[in-house]
Amino acid sequence: MAKPLLERQASLIEYMTSSAAIFGRGGDLSLVQAIEGIDGPLLRIEAQFSYAKRMEKITAVLPRTFELLGNAEAELVRAFVESCPPTTINRLENARQFHRFLSSHWMRESPNPPYLCDVAACEIAFAEVDAHAAQPDAAHTPRIGIRRSLAVVLLRCAYDVRPIFEKGLKQGAPIKLETSLVIALPLGTDRAQVFEVVPAIFDLLASLDDWTDPKGPGAEPQLAKLLTDLAARGLVEVSQ
Amino acid sequence: MTPGGILPAVGIGYRAVIDRWTRDNLDRFDALEITVDHCISTSKTLRSAIFDLVGRIPLTAHGVGLSLGTDAPLDLAYLDRVAEVVERLRAPAYSEHLAFTRVPGRETAALMPLPKTEAVAEAIIAKVQTVQSRVPFPFLLENITYVFEWPDSKLSDAEFLNLICLESGAGLLLDVENVYLNATNHGFDPYAFIDALRPGLVKEVHMAGGVTIRDESLAKPLLADSHSHPVPDAALDLLEYTLARQAPSVIILERDDRLEAGDEILNDVARIRARLAATRSRKTHGEALVGTAG
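Those protein sequence lines, which keep their order, are chains A and B.
Residue numbers 6 to 245, in the numbering used here, belong to the letters of the first sequence in order.
Residue numbers 9 to 302, in the numbering used here, belong to the letters of the second sequence in order.
If you are wondering where the hints come from, they were derived from the structure by calculation, not from laboratory data.
By construction, the Cβ of each residue, glycine as well, lies at the ideal position given by its N, Cα and C atoms.
Some hints here could point you the wrong way.
[Claimed, not checked] Derived DSSO-like pairs (lysine-lysine); straight-line CA-CA distance at most 30 Å:
hint, chain 1, residue 1, chain 2, residue 2
1, B, Lys135, A, Lys58
2, B, Lys52, A, Lys172
3, B, Lys135, A, Lys8
4, A, Lys58, B, Lys228
5, A, Lys62, A, Lys172
6, A, Lys172, A, Lys58
7, A, Lys8, B, Lys162
8, B, Lys52, A, Lys58
9, B, Lys162, B, Lys135
[What the hints assert, rightly or not] Chain A residues, not near chain B, derived (Cβ > 12 Å throughout):
hint, residue
10, Arg113
11, Ala132
12, Gly150
13, Leu160
14, Gly173
15, Glu183
16, Arg238
Model the full assembly from the supplied sequences, consistent with the hints where possible.
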């Protein structure tokens, strides 16, 4: 009895997203048997097209990260393909997947250069902010108060990597300096930007995950002024 | 579709990286094709740029994210978002590929063919009906280019398309370049393919230009649909032959690579218009266009 089409499609895609098909290494014989009758060399060409599309998306989100990976890129990308098959056509999700893979790799082996993980985190944050800004407005929330804008990402970096984003990689290695960064889409702009904030502001923004009443007990007049300023910059949302 | 009502309109697929160039040359096109997925899952900037075009030029709506051919239920939430986008674009129809790109849990982003059998056609017809019930605009299926063939395929490309479109009421977005590539790669007569399509089936047309892949593992060079180079003359010949038999409302030039070559894009649009003019002239003078490839 013939196998159900979905099973055959799954075998085909499993083979096509394997390193065997993409890089031409030996293959899983059970997969090859499942796609018996289909021209192997042509399938590998299709697999390479698909792989190229996926990597193009990831590189578009993480261009500086890839530039800094240098000679390590080929080996890392092969390991990524083997351990993280593609699950979506979404550009950001593919980039997130690669970033999670890199982060896991850097737990075992220090990044080289050492500020690479901060650069990668910033690049993902830029894409996250853009993506949040792309979502349609959520249903009106009846809550009254303030919260951190959804299109804001907070990052604590070990290196001050801002010059890399402002002036490019040719500026040389960034200095080692604990830096509290906010990546956001300021009001009236259409491109995410990175700012350094003092730790107290960083902590305040971090605490505003959910709607909060700014007039609660103990609130000081300076806080109201500060929140107004943050709202004007698009870093917090105010619901009245 | 065209402002003056002269059909078919000729335009290009909108690509964000050449947004400025596209706007600067807007008067060179009668229509733009919008990829609906770019309106669903993308940056605020890109969405704003796309919706800003509404009312400036007629727009058509094309999808890449449905994976109609996956042997599993369709993503209805995705279709609902498509419906919203098509309405907002004021597009006359919504098109998708007759292909599959994924199975649950794994996605290739490559448009892959289906076994061309009556059983598969029946399953696709049911899915097209689901699309039609969720997206209240005329639905068009696009023929894809494929590098491999399922061994159990029984129907020809044209038989498969005719059957699905006839039974579901879907129209055809005919990718002429894909017909040319498939005919060359798999050795069939592209003119016979065009002849086999039911009259009135083709509602929109895609044109593009690709590259030739030479690899020692391949028995012969493979033409690939890379949307990166000028449309080959052979594909334009096939377009002219198609226009003598079908009446699409729009012809879209697809270009996804080497987008900096704006002159090539404008030249391709001009070449398409020239073939359109030649077809009109022949129709006016009652001449028949006879296939030239065997």
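Flag every earlier hint the structure violates by its number, smallest first. 11
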